[in-house]
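Residue numbers (our numbering), protein chains in the order written: chain A, 4 to 327; chain B, 12 to 372.
Some hints could be false.
Stated by the list, open to error - Covered by chain B, according to a simulated footprint, are these stretches of chain A (three or more residues, beta-carbon under 8 Å):
#1 53–67
#2 88–102
#3 108–118
#4 240–251
#5 277–285
What the hints assert, rightly or not - Stretch-level coverage of chain B by chain A, calculated; a stretch enters the list once three of its residues show a Cβ under 8 Å from a Cβ in chain A:
#6 183–192
#7 223–230
#8 348–354
Said to hold, decoys possible - With the Cβ distance kept under 10 Å, some of the chain B side facing chain A (calculated, not the full set):
#9 Val-105
#10 Arg-179
#11 Ser-195
#12 Phe-202
#13 Asn-211
#14 Val-234
#15 Glu-265
#16 Tyr-312
#17 Glu-366
Derived by calculation from the structure, the hints in this document are not laboratory data.
C-beta atoms are modelled at their ideal positions from N, C-alpha and C, and glycine is treated no differently.
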Amino acid sequence: MSDTSTPATDGELDGSDDARAADRPGALERIDASRVALYGFLIGLLAVYMVPIESGLVTSIKTSPTGVSETLPYMPPLLPETLQFFTTEKWQTAFDALSRGLVSSALYAVPATIISAFAGSLAAYGLTQATWKERYKAPILALFVAGIFIPLQAVLVPLSQFWSNIVNVADLLGFVWALGINDDYAGIVEMIVTHVAYGIPICTVLFRSYYKNMSEEMIESARLDGATMRGVYRRIVLPLSTPMFAVVLIYQFTQIWNDLLFALILISSSASPAAPVVLILAGLGQSMEGQDFPLRMAGAFIAALPTLAVYVAFGEEFAEGVAS
Amino acid sequence: MRDILSTLIPRLGRSGTDSDRSDAETSERPASDRSVDGDVSAGDPAVRADGGVTDQRRSTPGRVIDAVDDRFGSDFVESLPFWGPPFLLMGLFVYGAIVWNLLISLTDFTNFGSPDYSDLDFEMYTRALSDSGVISATANTFILTIAFTVATLVVGLCLAILIDRGIRFENTFRTIYLLPMSLSFVVTAQFWLWMYNVNNGILNIAIGVFGAGPIDWIGNPSVVLWAVVLALLWQFSGYAMVVYLAGLRAIPTEHYEAAQVDGASTLKMYWRVIIPQLKGATISAAVVLMVFALKAFDFLYSLVSGYRPPNGADILATKMVRESYGNLNWAYGAAIAIILFALALAIIGPYLVYEYRRGHL
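Working from the sequences, and respecting the hints, build out all of it.
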């Protein structure tokens, strides 16, 4: 099923690759048996990779429970004899359940992404372009790098203590709730700060790898001309960072949007108005009668749509982000 | 103070760490000092002071900055506002929290309220060592981490080698193999729950073709961990592929050609010449994959929508969260978290030393 759909998308997406392949001398002669086998294998593998997603998609438009049990899990209910099992009702139900979650998720994911990317850029600049002794710089860098790999379980108990006993956002922002906003939204503020704090290490390391390869002559001559570090950052480094900002913003947005652990700890109840989409999705379609798989699949796609859209539009940047 | 700072710092930047020399040099280079920082404080009269005058004007804070810069390097004080606040925020939330967590793990903190720090002991750790749940969770953590990491590296390497054979539509293949990684664990858990469904799941239909099954992938305690490994492998093999592709592209073409001139077969060439050169890529990918395996909590939680993962798939991460947030045994959960942290440190520590030695930090 997915085999048939791939060649079409190939043609649309990859004009550039075609051009490159044609430039190569002898590109056409090399089409022999082993090449055919290679392509066959890769396309077959592609189909295997797409199976869970394809199966989820066709299941999301089936009725439950009869539609699910009467049709094969990878067949769409669009044949004349299975058309009776087709429904878009699950998507509607899932959207009704998840739409407030989409808003909450965006409320913290967007600010946290922007702030952590910017903080990472500043930190990487101060640690890379500035000249100070490697002896002191190395341990600080090591702390940044190690911060990426820390298992978050090691900070959870203090984190919930911190947000409940030391900095209680719900109390601090009393004037906001006085305006009629539900004080559950204090969780959004906590999510922003928390995600920024734990996102800074990866953002810093990504920007640092970029700044290390930036032309030193330009910055050095600017410094010789008397520009301050701030001036150099604003006039030279920041404008040149645009490609890396794309990479970091996309990577961070995906990470923050997809994360469940912090939402579970800081917001805890999927009934809360501030509950993000992943938290609602984790409990969607479960009842005493059994699991409503079509509803779960539709919910999964709705929750994944923003990151999927970002991925389809900026796949290159995402690949670059994960590779470095 | 800003003008003193800005006149001082570029000068030290050029003369390195030698401040004794810089005093003598100022009189020889008044021109460059005068132009210092022209864009930021051009209207400030103090900027017009040339090098000789600056020395007399240097106030106490100026001297302190001078001394600090002298010790740490010429841009230290000026770069502090850039990396300082992010470092402080990250430091407090990461390292401060770990120290605090260690402290909580020494208390007997349960239920609601605040921990009592007056009575500290290792009771929670002795309890953890005699808890069969912790022992099996540790074993499962090891099995999951190692099986997932090794399988993902092998699949990723094979994919990278195949894609690196100069195929067309390379980007499309890469994009699709990497696609699952952009999805949340919560989302992929829904897909795989359906794949593993006993009655209608594709996997049981597939093995049914060969007359096997059906298998209760999630419900069978001896199978479920491998089912989780397979799902994570699907999600992250694209990542390993991207890292290996970057590694393969860094190998000069001559190495391939030399091996072919020597008459080595394709298989031999990869095994003897190419794969050994991917050591760096393997190590960094392995470390990142191990961290992903530690995050499998999200996946296991979503499979059951609760703190108790399927029987046979309990790992330290799920055990820790269940003890803390399910049973409100905060101190005990903190102790399990420290055990998990120590295990992670055993991987990260050597990795950081390795990267530092290679000059990659």
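Now for the hints, and whether the structure bears them out:
1. Counting residues of the stretch 53–67 of chain A whose CB lies closer than 8 Å to any CB of chain B gives 7, so the stated coverage by that chain holds, three being the minimum.
2. Coverage of the stretch 88–102 of chain A by chain B is violated. Counting CB-CB distances below 8 Å, 0 residues qualify, and the rule asks for three or more.
3. For the stretch 108–118 of chain A, the proposed coverage by chain B is not satisfied: 0 residues have a C-beta within less than 8 Å of a C-beta in that chain, short of the threshold of three.
4. Counting residues of the stretch 240–251 of chain A whose CB lies closer than 8 Å to any CB of chain B gives 0, which falls below the minimum of 3, so the coverage claim is violated.
5. Against chain B, the stretch 277–285 of chain A contributes 3 residues with a C-beta closer than 8 Å to a partner C-beta. That satisfies the three-residue criterion, and the hint holds.
6. Only residues whose C-beta sits within less than 8 Å of a C-beta in chain A count toward coverage, and the stretch 183–192 of chain B has 10 of them, enough to reach three; the restraint holds.
7. Coverage of the stretch 223–230 of chain B by chain A is violated [criterion: at least 3 residues with CB-CB distance below 8 Å; count 0].
8. Residue count for the stretch 348–354 of chain B with a Cβ under 8 Å from a Cβ of chain A: 4. That meets the three needed, and the coverage hint holds.
9. With a cut of 10 Å, the hint placing Val-105 of chain B at the interface with chain A holds, because the nearest CB-to-CB distance is about 5 Å.
10. Here the hint on Arg-179 of chain B is kept, as its CB sits about 5 Å from the closest CB of chain A, short of 10 Å.
11. Hint status for Ser-195 of chain B relative to chain A: holds, with the closest Cβ pair at about 3 Å, below 10 Å.
12. With a cut of 10 Å, the hint placing Phe-202 of chain B at the interface with chain A holds, because the nearest CB-to-CB distance is about 4 Å.
13. Because the closest C-beta pair between Asn-211 of chain B and chain A is about 5 Å apart, less than 10 Å, the hint holds.
14. Annotation: Val-234 of chain B was flagged as interfacial toward chain A, and the flag is violated, the nearest CB pair being 18 Å apart, outside 10 Å.
15. A least Cβ separation of about 18 Å between Glu-265 of chain B and chain A goes past the 10 Å threshold, and the interface hint is therefore violated.
16. For Tyr-312 of chain B, the shortest C-beta to C-beta distance to chain A is roughly 7 Å, which falls under 10 Å, so the interface hint holds.
17. Restraint check, Glu-366 of chain B versus chain A: the minimum CB separation of about 7 Å is within 10 Å; hint holds.
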